[in-house]
Amino acid sequence: MSKRKFAKRSAFILLIIGTAGLLINEFVFDWGRVATVVFAIFNIAGLVILFGMRLLRTGPGNEM
1 MSKRKFAKRS
11 AFILLIIGTA
21 GLLINEFVFD
31 WGRVATVVFA
41 IFNIAGLVIL
51 FGMRLLRTGP
61 GNEM
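Numbering (the numbering used here), first residue to last: 1 to 64.
It is worth saying that the hints were derived from the structure and are not from the lab. Worth double-checking, as some hints may not be accurate.
[Claimed, not checked] Here are the simulated distance ranges between beta carbons: (1) L56 - G32: 22 to 28 Å; (2) I24 - R57: 22 to 28 Å; (3) T36 - F12: 18 to 24 Å; (4) D30 - R57: 36 to 42 Å; (5) K3 - D30: 20 to 26 Å; (6) W31 - L55: 18 to 24 Å; (7) T19 - G52: 17 to 23 Å; (8) L55 - I13: 32 to 38 Å; (9) L56 - A35: 18 to 24 Å; (10) R9 - V38: 29 to 35 Å; (11) M1 - F29: 30 to 36 Å; (12) S2 - F51: 17 to 23 Å; (13) I17 - R57: 31 to 37 Å; (14) F51 - I17: 14 to 20 Å.
No residue lacks a Cβ here, since even glycine has one placed at the ideal position from N, Cα and C.
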């Protein structure tokens, strides 16, 4: 598996875990503030990876 595919899959897995965790924490369980922060960090990490990949792909010298 290439690094790009691994990064893309990791980003989507982090986004899925973060979003599902936030929804479950809000509507099913009341795990508290720490759980909310942890799941939000998962979402942020996933978004950073995805946008980082996009910036690297469209960076200087790689115009579309």
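Status of the hints after comparison with the structure:
no., hint, in the structure
1, L56 - G32: 22 to 28 Å, "37 Å, violated"
2, I24 - R57: 22 to 28 Å, "33 Å, violated"
3, T36 - F12: 18 to 24 Å, "21 Å, holds"
4, D30 - R57: 36 to 42 Å, "41 Å, holds"
5, K3 - D30: 20 to 26 Å, "39 Å, violated"
6, W31 - L55: 18 to 24 Å, "34 Å, violated"
7, T19 - G52: 17 to 23 Å, "19 Å, holds"
8, L55 - I13: 32 to 38 Å, "20 Å, violated"
9, L56 - A35: 18 to 24 Å, "32 Å, violated"
10, R9 - V38: 29 to 35 Å, "21 Å, violated"
11, M1 - F29: 30 to 36 Å, "34 Å, holds"
12, S2 - F51: 17 to 23 Å, "19 Å, holds"
13, I17 - R57: 31 to 37 Å, "24 Å, violated"
14, F51 - I17: 14 to 20 Å, "18 Å, holds"
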